[in-house]
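Top line first, the protein sequences correspond to chains A and B.
If you count by my numbering, then the first sequence holds residues 430 to 778, one letter each, in order.
If you count by my numbering, then the second sequence holds residues 2 to 368, one letter each, in order.
Among the hints, a few may not be true.
[To be verified] Here are the computed distance ranges between Cβ atoms for each label pair:
#1 B/I282 / A/E537: 23 to 29 Å
#2 B/H173 / A/T485: 41 to 47 Å
#3 A/K578 / B/H173: 55 to 61 Å
Simulated from the structure, these hints should not be mistaken for laboratory data.
Ideal placement from N, C-alpha and C gives every residue a C-beta, glycine not left out.
Single-letter residue listing:
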Amino acid sequence: MDWDQFDLNPKTIAALKKADIKSVKEILNLSGADLQRLMKLSSADIQCLLKTVSHTLRRNSMLTALQLYQDKDHFTSQHQRLSLGCSVLDSLLKGGIPLVGITELAGESSAGKTQISLQLCLSVQYPYKYGGLESGAVYICTEDVFPSKRLQQLIDQQHKLRADVPAEIIQKIRFGNSIFVEKAADLDTFQQCITRRLSLLLARGMVRLVVIDSMAALFRGEFGPAESALKARYLQSFGAQLHSLSTTFRTPIVCINQVWCTSCEIHACRNVSYFLYRAVGGRVTPALGITWSNQLLMRLMVRRVPLPAPGAASHCAGSWRTLSVVFAPHLPPSFCYYTVQLEGVKGIK
Amino acid sequence: MQREVGTLPLAPALRARLAAAGFQTAQELLDTGPCGLSKEIGISREEALEALQVVRQECQGDTARTPGGSGATRKCTALELLEEEQSQGFIITFCSALDNILGGGVQLTKITEICGAPGVGKTQLCMQLAVDVQIPECFGGVAGEAVFIDTEGSFMVDRVVDIAAACVQHCHLIAEAQQEEDHGEALETFSLENILSHIYYFRCRDYTELLAQVYLLPEFLSEHSKVRLVVIDGIAFPFRHDFEDLALRTRLLNGLAQQLIIIANDHRAAVVLTNQMTTRIGQSQSTLVPALGESWGHAATVRLIFHWDNSQRLATLYKSPSQKEATIAYEITSHGFRDVQPPAVPPSTGGTELNPRKRPRTEGEKQ
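This is chain A alone, in the form it adopts within the complex (with noise of 0.2 Å):
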């Protein structure tokens, strides 16, 4: 660290050379006291140091919520979202996922989850004016293998899906080239899909969206009940590395999580009145549960309607599934309908 180029005293560079202090973030962390023992300086200058390299550090970092309100920059806008290729679904989220922050897409199998993924994948790929954010996406596979198929199947359908974009800006984007698959099958290699590649990715600029499937995958079967420490710091320290990704970059992070219903224990599932939430008598049982969704800005939930909604048309092919939004700082707990058609996931109004 050049100390010179801060706006401090030249006795209190001189000492900071010499008591071999190399971060600000060292200065930060060492109290008062100590600072005034290792530089031996008086408080009066320890202050000054702590104020200069502080204001450094915070250079015009202050926003007023008038500023970000009519903020319309695509780059750094809070109203830019990134949209689900449907506008019912859109609604419901109030223009889309939101760009930073790590969005929880939840619900038993066969919900619908990986299909509303693929279609992220390609809704990411168009232009700003329709929702998209003009880049590629990564898909991180724990488990399962990447539906290529399905994904192939979905491209060729776009058309049809998003009829409100005109067709020759949709034949002008190649979505296969831009979707790079991962896989990552345990916690080491995971480890190390987030801090090289994703951040290679990132910072080229080639991908503005990140999808895991899933996270509940790394973590079953590996940790035991006596472990739960060791998996709460996995799970925080997952958290806190996609969360830096995601400011940095502006790029959502959608992570695909399971539901375990069983009668003992109700995973990654939050009250709203038209869910059943069972816990065992108050009780509450340490689970990928409540670490991981404190590091969660939204948390959607998927679920298949066992019969068809009252009222439904009988012109809609397959079964119908509902999307919730379980919490949000933006959004108060709703839901709506929707079906998977070949085209894709469409919302039902």
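Dock chain B against the given chain A, drawing on the hints supplied.
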């Protein structure tokens, strides 16, 4: 002038030398003069001059401080403190049940901590308070501004716009109902854009940035003297990963708490922190407890825990120096943080009405 040498803000090595040489009070130092000082303790004349300058400034500062002002030590009676506290404003939350158990609302000059599981409404309450702190005095508010430090990225400005719009509308309704002079004036400046422009937003991505931001807060609050609320949402997130050395974390958190207490007191602001919950595994069962450990529990003056009971959101006042422990129900509506609306009473019932909020009808009142 009678300041002891040990309390002067000099380098520790210098203080040790002065003590060894037998100097006890600041007056003795000033009397000796720079030449004498440099000879006595063996430092250069420049250093001696500097040290004496510091001593002189300190002593001037001491005498300049008025007895009742914010000096190093201040004497006052408990009655004066009581009067000060009673005139202290509260920031209302728009949920009257919560305001009641808090004794009027979120108190200025105190640190309030809100703990809860994800999705229960902590950030919603923070956004509500950032709007409510700006309510003009004629409507019962403190007419202040807000600083919002966001570590998780959960501050969605669209939601703040909804909350602010509902608050402005509420004030308009009050003004119409009560028809007083100053209401109209206050409403002219209490608009959506005004409210948004007085919420100062800082985004901190890791704990180093958070620490740096808190070092800069006193200066910021001196420049923006109308700020009456500092929100840190959330305090746990940056401190719960990457900390191999938990002793360091405890020390940093304690330091942070001390700085926040000083800020709350010096600038008459309320500090609101949000915390996560974690599972504590006991002998036979596990419970949810606030994160960051036992020692962090001492940092906040008032602690609220938000939790669920089936699908009802509840708030428990867990720690308060002046109010008793209580639990109330609240709701998050599209307008923000509100009371639970009692269910509408169906019109055609007899005396067997089960709504507990209504007293039972007696025969004479029945029509």
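Verification of the supplied hints:
no.: 1; hint: B/I282 / A/E537: 23 to 29 Å; verdict: 28 Å, holds
no.: 2; hint: B/H173 / A/T485: 41 to 47 Å; verdict: 45 Å, holds
no.: 3; hint: A/K578 / B/H173: 55 to 61 Å; verdict: 59 Å, holds
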